[in-house]
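Throw the hints in and build the complete structure from the sequences for me.
The primary structure of each chain is shown beneath.
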Amino acid sequence: MTEARPGRRLAVTGAATAALTALAVYGVFFVAPEDADQGIIQKIFYFHVAIAVGSLLAFAVACIYGIRYLRSRDERHDEVSSTAVGIGVGFAVLVVITGSIWAKASWGTWWVWTDPRLVTFLVVLLLYAAYFVLRSSAEGERRMRYSAIYSIAAFASVPLSFYSVRVARSFVHPVVFTSSGANMPNTMLIWFAVSQLAVIGAFLTIMQVELLQRRADKALRRVKLRLETSS
Amino acid sequence: MIAAARPAWGRQLRALLLKDLRLELRTRDTAVAMVLFAVLAMLIFQFAFGNRGDDLTPYAGGILWATLSLTAVLGVGRSWVPEREQGVLDGILSAPVPRLVLMASKTGAIYAYLLAVEIVAVPLVAIFFVRGSVAGDLGLIALTCLLANLGIAILGSLYACLALFARARELLLPVLFLPSLLPVVIAAAGAVNAVAGGTNDLSEYRGYSLFLAVYAVIFGLVAYATYDHVFDD
Amino acid sequence: MSTGAQYVVAAYGVVLFGLLMYVVVLGLRTARLAREAELLARLAEREGDGDRSPEPAAMP
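Heads up: the protein sequence lines correspond to chains A, B and C, in order. Last residue of the first sequence: 231 in our numbering, with the numbers rising by one and none dropped. Last residue of the second sequence: 233 in our numbering, with the numbers rising by one and none dropped. Last residue of the third sequence: 60 in our numbering, with the numbers rising by one and none dropped.
By construction, these hints were calculated from the structure, which means they are not laboratory data. Please note: incorrect hints may appear among the correct ones.
Unchecked claim - Listed next, the stretches of chain A that the computed footprint assigns to chain B, with coverage defined by at least 3 CB atoms under 8 Å from CB atoms of chain B: (1) 89 to 97; (2) 126 to 135; (3) 142 to 149.
Claimed, not checked - Facing chain A, a subset of chain B residues (Cβ under 10 Å, in silico): (4) F165; (5) A166; (6) H229.
What the hints assert, rightly or not - Distance ranges between label pairs, derived from CB positions: (7) V81(B) <-> R71(A): 24 to 34 Å; (8) F17(C) <-> G7(A): 23 to 33 Å; (9) G7(A) <-> V25(C): 13 to 23 Å.
By construction, the Cβ of each residue, glycine as well, lies at the ideal position given by its N, Cα and C atoms.
Take a look at the structure:
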């Protein structure tokens, strides 16, 4: 990470994200055609799916930096890893809430156990809530090491959870289904892509903000320590 | 020329495993308690769901694996107790035993505990919850147990090490262990239900069994990649 | 607005709400950092003034 102008990089990422978000909202509501089957409700998916993918991206980053921490024992890798998990959990909460709204809109109930994505993200929330419980149960070097190991194991659990629900469901409903339609017209696909880019931008922006805050916190702590010992 | 004879890893593994098992056989603490717990869990399920007089046969597989996963939490929590209680935890961690062997011995111990519980739990579930005979399906159910136990044991031994030094160990372990265990519950319950829950769907059984095997492989890889980092240096 | 559209608005509203709540959290954290920084600045200034005055008197 360049020491020089993190502020500049944050501004660029943030501005790009804001622009992409505005573009996505405009496109989703004013340009993209309405879905033939689900009607206007389908529009929830643009951000629901984008945030879901963003959440998984965050957990993947956490896993990668967990591995990097174990190799290097560099505290900064643990910082990135734990920050990424935090953002991933935040996104996952949004996925579950928007998914529940979609379920209510589609099926009249606030929850369905038959949608693999919805169920998987509930499990994901539990998996990564445990990450924070683990983190607070240890201190110092052990905390970072255990967090790194768990970030890897938990990330392995995600596809396993998704596929276990999918496999179970496939025996009940043998037809291959995707709740948003397997063959999407390009007019819809492009706005999915824009929404996804907006969410990825949001992830990167929030990551930078969080890491900057931690850096500031640490620097202040160092100053405090220095002042306290010299007085 | 003095050549120090170092025991092969296989012998070390067997020695460690036998130590744990022999200790268990002598006191029978853990196994008895786990079996009792399993039976109690079954009673809870019966009273929670069955008192309307419904036929619980389609849910027998689910009840079996709900019971086993909760019992597994107990077993995993107990897997380091022999070392802790005898105060040899530091000793064994600094002994010249390859850490992989140490982990493998814990995995083996958990596997054995689970088998011991299943030997009692499976017939009980059949008697309590299944109307109709399961005699023909016992082989397939046993196979499911053998497969699922592998994933559970690997997962459990890894997470038991993470919880080893924690203050609230009994709380931390279930919180860590159960979310990652959920796929096993889905697949194992599905497999048993496929053969014993009224219908007899072998392709479904095979699908779930394949999943259990994949689960064990994936977590085996994760454990193999991270086991060394679990222990303090 | 049709009920379908209401749900869509609710879903997007939740996302927006989440984002704004995060901004609030950021604000609180920044306030705390500012407070600490001010405290440290005052501490440092006091140290600086303390260094200048009493020393010459202590020299033989």
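Right, here's what the structure says about each hint:
Counting residues of the stretch 89 to 97 of chain A whose CB falls under 8 Å from any CB of chain B gives 0; the rule of at least 3 is not met. Residue count for the stretch 126 to 135 of chain A with a Cβ under 8 Å from a Cβ of chain B: 6. That meets the three needed, and the coverage hint holds. Under a criterion of three residues with beta carbons nearer than 8 Å to beta carbons of chain B, the stated coverage of the stretch 142 to 149 of chain A is upheld, 5 such residues being counted. At about 7 Å, the closest approach between the beta carbon of F165(B) and any beta carbon in chain A falls short of 10 Å, and the interface hint on this residue holds.
Against a cut-off of 10 Å between C-beta atoms, the interface hint on A166(B) holds, since the closest Cβ of chain A lies about 4 Å away. Given hint, H229(B) at the interface with chain A, holds; its Cβ is 5 Å from that chain's nearest Cβ, closer than 10 Å. Between V81(B) and R71(A) the beta carbons are some 33 Å apart, a value that agrees with the proposed interval 24 to 34 Å. Separation of F17(C) from G7(A) is about 27 Å and conforms to the stated range, judged on CB atoms against 23 to 33 Å.
Separation of G7(A) from V25(C) is about 20 Å and conforms to the stated range, judged on CB atoms against 13 to 23 Å.
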